[in-house]
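Using the sequences provided together with the hints, build the complete structure.
Residue numbers (my numbering), protein chains in the order written: chain Z, 1 to 329; chain X, 1001 to 1218; chain C, 2001 to 2448.
In case anyone wonders, no lab produced these hints; they're calculated from the structure.
Computed from a prediction, not measured in an experiment: that's the story for all the values here.
Some clues are possibly wrong.
[Stated by the list, open to error] Keeping only pairs whose Cα atoms sit at most 30 Å apart, straight-line, the calculated DSSO-like set for lysine-lysine is:
hint, chain 1, residue 1, chain 2, residue 2
1, C, Lys2404, Z, Lys263
2, Z, Lys68, X, Lys1206
3, C, Lys2012, C, Lys2360
4, C, Lys2012, Z, Lys14
5, C, Lys2226, C, Lys2196
6, Z, Lys226, Z, Lys162
7, Z, Lys14, C, Lys2364
Each chain is listed here by its residues.
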Amino acid sequence: MGEKLLITSSPHLKGPNSVRGIMLEVIFSLVPASIAAVVLFGFHALLVLLASVASAVASEAIFQKAVKREVTVGDFSAVITGMLLALSLPPGVPLFVPVIGSAFAIMIAKQIFGGLGTNFVNPALAGRAFVMAAWTMHMTADWISPFAFDAASGATPLGLLKETGQAPGLSIADLLIGNRLGSMGETCIAALLLGGAYLIVRGIIDWRIPAGFLGILFVGTWIFGKSGAYFQGDGLTAILLGGAVLGGFFMATDYVTSPVTAKGRLYMGMGAGFVTLLIRLWGSYPEGVTYGILLMNLATPLIDRFVVPKYYGYMHDVALRKKARAGGR
Amino acid sequence: MNGKRSLLHDFTKGFIEENATFRMVIGMCPTLAITTSVVNGFWMGVAVIFVLTVSNVLVSALRKQTPDEIRIPVFVILIAAPVVIVELVMKAYMPAMYATMGVFVPLIVVNCIIIARSEAFAYRNPVLNSLMDGLGIGGGYTINLVVIGGIREFLGTGQIVFGSRAFPAKPFFEPAAVMLTPPGGFVTLGLLMTILNIVIQRSEQKKAAREAAATAHD
Amino acid sequence: MVNLRRGSGGVKAPDRKEFSARVRIEDAGIPSELVLFLSQHTGAPSKALVKVGDLVKRGQKIADAQGPVSAALHAPTSGKVKSIEPRYQPVQARMVEAIVIEPDGQGEAVPGMAPLASGLDGVSKEQIVGLAREMGLVGLGGAAFPAAVKLSPPPGALIDTYLLNGAECEPYLTADQRLMEEEASAVIFGFRALMKGAGVQKGIVCIEDNKPGAIAAMKDAISPFKELDMAVMPSRYPRGGEKQLIEIVLGREVPPPPGLPLNVGVIVSNAGTAHALAKAILTGLPLVERVVSVTGEGVARPANFRTLIGTPVSYLIEKAGGFTGTPGKVIMGGPMMGTALRDLDVPVLKGTSGIVVLAKEQAKADPVLPCLRCGKCVDACPMRLLPVWIAAYAENGYLDEAEKFRAMDCMECGACAYSCPSRRPLVQSIRLAKARIAERRRAAAAAR
Chain Z
1 MGEKLLITSS
11 PHLKGPNSVR
21 GIMLEVIFSL
31 VPASIAAVVL
41 FGFHALLVLL
51 ASVASAVASE
61 AIFQKAVKRE
71 VTVGDFSAVI
81 TGMLLALSLP
91 PGVPLFVPVI
101 GSAFAIMIAK
111 QIFGGLGTNF
121 VNPALAGRAF
131 VMAAWTMHMT
141 ADWISPFAFD
151 AASGATPLGL
161 LKETGQAPGL
171 SIADLLIGNR
181 LGSMGETCIA
191 ALLLGGAYLI
201 VRGIIDWRIP
211 AGFLGILFVG
221 TWIFGKSGAY
231 FQGDGLTAIL
241 LGGAVLGGFF
251 MATDYVTSPV
261 TAKGRLYMGM
271 GAGFVTLLIR
281 LWGSYPEGVT
291 YGILLMNLAT
301 PLIDRFVVPK
311 YYGYMHDVAL
321 RKKARAGGR
Chain X
1001 MNGKRSLLHD
1011 FTKGFIEENA
1021 TFRMVIGMCP
1031 TLAITTSVVN
1041 GFWMGVAVIF
1051 VLTVSNVLVS
1061 ALRKQTPDEI
1071 RIPVFVILIA
1081 APVVIVELVM
1091 KAYMPAMYAT
1101 MGVFVPLIVV
1111 NCIIIARSEA
1121 FAYRNPVLNS
1131 LMDGLGIGGG
1141 YTINLVVIGG
1151 IREFLGTGQI
1161 VFGSRAFPAK
1171 PFFEPAAVML
1181 TPPGGFVTLG
1191 LLMTILNIVI
1201 QRSEQKKAAR
1211 EAAATAHD
Chain C
2001 MVNLRRGSGG
2011 VKAPDRKEFS
2021 ARVRIEDAGI
2031 PSELVLFLSQ
2041 HTGAPSKALV
2051 KVGDLVKRGQ
2061 KIADAQGPVS
2071 AALHAPTSGK
2081 VKSIEPRYQP
2091 VQARMVEAIV
2101 IEPDGQGEAV
2111 PGMAPLASGL
2121 DGVSKEQIVG
2131 LAREMGLVGL
2141 GGAAFPAAVK
2151 LSPPPGALID
2161 TYLLNGAECE
2171 PYLTADQRLM
2181 EEEASAVIFG
2191 FRALMKGAGV
2201 QKGIVCIEDN
2211 KPGAIAAMKD
2221 AISPFKELDM
2231 AVMPSRYPRG
2241 GEKQLIEIVL
2251 GREVPPPPGL
2261 PLNVGVIVSN
2271 AGTAHALAKA
2281 ILTGLPLVER
2291 VVSVTGEGVA
2301 RPANFRTLIG
2311 TPVSYLIEKA
2321 GGFTGTPGKV
2331 IMGGPMMGTA
2341 LRDLDVPVLK
2351 GTSGIVVLAK
2361 EQAKADPVLP
2371 CLRCGKCVDA
2381 CPMRLLPVWI
2391 AAYAENGYLD
2401 EAEKFRAMDC
2411 MECGACAYSC
2421 PSRRPLVQSI
2431 RLAKARIAER
2441 RRAAAAAR
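Here you go:
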């Protein structure tokens, strides 16, 4: 038998996971929210989405060509960054906002640090933070009335809550469908939950991150939400308003910027929820999800350093140490 | 060692090879704070050239008399003197600019660039060389400030303002206010540093390749 | 039925047993050459008792155990000793001295081969241990640890449970499964003999739930014995490792290396080993043959062969109908922990449970992408380690950190690399680190 046989180290079977497969599933899970965005806010929302994705992919290709690295837009990670950034923008922003935001997100928050797997914060959120600081007026006023497709000035429900202490009366149905002012992808909670549940069932994201995030936000708002009284806050509305569901399921769960252990991920989610809570209740912004997640992204290496699973058989080493200490006395 | 070439080199090295901001990474505080506009950056640069050159010369002239143990306080005194001069001159002849620059004028006293050059160069080199070093580093620094300031001002306000004239007269795009804030400053700084270092690296690679080819022929 | 506890890590891989799960065990026959390594077990190599030109009979002892942790070697069939020379041993990946036998095709047994007893009452504890040593019995699960040593735990070690490992969690392999389904009573007899030899009162038969025929047969076989129980576990890789088995069946954890199951009062043996002991007692045949699953997409007629130890792999593949199309990889052992072969003339060892042939498209190596820090490897690791960091440190030469993150605890099961979306060669990197750390430790010990 003169066959040419392949020799590699074990294991010789390949699992079902692949980077491109995971990215495609994430894109798939964002489709309901994207469709909802266009249905709610009209054609301009579609343009924002397309501009953002196009800019993200182009920026990645241009940068990688410029530094003479392999062009990896085929792994679809740039597409996801573009989609997520678009979904977190007000639907009425002028198109240069998503274009520059995506370029910043990809080139500065991701590629300059080494590309896939090396970003130190969530690129889409970094892009959003950049455009928020650069064109604050657009980011806080370019809303569109859902279903009516008219430009709407005025504050989002969260903004009103911050200013007046009263949330506008929105039914749960309104909140689920997304019949309110807000960022393109954050309003239709039903679509987001559908996508998020899909990702959890497919084993792509860890449920602990959105659970920790939304859980702390819910409990914290319930306890501290009403000024002057405790345990009377509206926790449910708190998680249904703003970008909490979008951030909790799709942004905080980015692999690179979340811990590698299950327990670590829970802590990260809870931490992000906690910071968001702080900003919402006692900070000057009405919304804190972006910064809550960004701060916990920065804390992830720290979490990874200290949250280490107890290895198989650890209890024997613990017993040995105890015995050694007792014997020393 | 050719004395004349060394003098010229001491002057030119401050612009690229020993660029204060992008290569030696010193004097960063005022760099980030003052570069929100071109004119601010320019006048700060001029102030630094003056202070750096004068202090370098003084430190170098007195270097043999300055005991090693107390050299730092001596440097500070020799730096503080020209800084006070700059302050008084600015207050008298450019009050608006002085008001804009605020606390960063007296802070030139503790600017890393000046004390670093005193310690690393002026204390160990003759007066003429120290003079050229001061002019060169200061000149390079001024160019840095103008470039960074230009980028930040242009992207952050849409135009560059010289006194009463603005270029372009009206911004043709929506300026990004973030460029005038510290994050914008850091990003600009980082990107410029990257570009300069890539250029230097590539030119050194080319030089090394040329030298390798030359020795291969021997 | 034993209630199971929670296990750590593991991956759900398609078990691919359908190729050979329903194929009855058949004799592979006698090849033209048998290569018997003097070192195909854990421990000191055995010492040859024959010389070139000697005529040997089936079951004749041809090499003796050297020292306490070693095993004897026997001729699988009658023939002539053609040579005694170094040959390439695929699992140890080096040249090892081997006795090469040219069979005469007669299969004549050595005179005096007779059953030791017809029932367990006819053999004593000491006789069983002695037989295990005399008959060259080693663990047939893969590590080939000398059974006599396993049956003699150090004094002071109180063993309360013996586990029979019928899990066979590696995909494709069905040797133990068929053995249990077709010869359950022999396996149970051997198991009870192992228990008697070790002096253990309670025994649990452990089988994965993807082997219904074996479960039914074994359940019947243990029913008369009150000291035997059964644990059926959901199929997951690598639940069949002894450490994982102990964790899920008994809820105990073996101490980290150099810890052994006996430290937590357990001994684990493979179902094939029990069967071999039964054969030794009931027929007097030493360990000279074993069931090998020749399977995979790459062979035409997957089969479970009763194979003579030392049979060339190429012979078995021919007997299994040859390759279907161009083969990609030929693996000795299971596809998760086995060794990819470069030369098909290597022989079957005592510990070879299967030959898996993967088709060319399956075997293709995927490009390696950057680590995403997704944590799937951490979720998969049955030893609850952090493969992501161990591999990263290993790849960049940080041996101290790799050791601190417990690289030496790694059992190289491959679950981490299997689950990695970036297809990073995690096991390879960790193995490299382990080898270097071990070398460093040896050098440090030698220097002292």
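Taking the hints in turn, this is what the structure says about them:
Distance restraint check for C/Lys2404 and Z/Lys263: the Cα-Cα separation of roughly 21 Å lies within the 30 Å cut-off, and the hinted pair is therefore satisfied. For the given pair, Z/Lys68 sits about 17 Å from X/Lys1206 by alpha-carbon distance, which is consistent with the 30 Å threshold. For a cut-off of 30 Å, the pair hint linking C/Lys2012 to C/Lys2360 stands: about 23 Å separates their Cα positions. As the CA atoms of C/Lys2012 and Z/Lys14 are separated by approximately 12 Å, the hinted pair is consistent with the 30 Å bound.
Proximity of C/Lys2226 to C/Lys2196 is assessed by CA-CA distance (about 14 Å); at most 30 Å being required, the pair is judged to hold. Taking the CA atoms of Z/Lys226 and Z/Lys162, the gap is about 12 Å. The hint holds against a cut of 30 Å. Restraint check for Z/Lys14 and C/Lys2364: satisfied, since their Cα atoms lie roughly 10 Å apart, inside the 30 Å limit.
In summary, the structure agrees with every hint in the numbered list given earlier.
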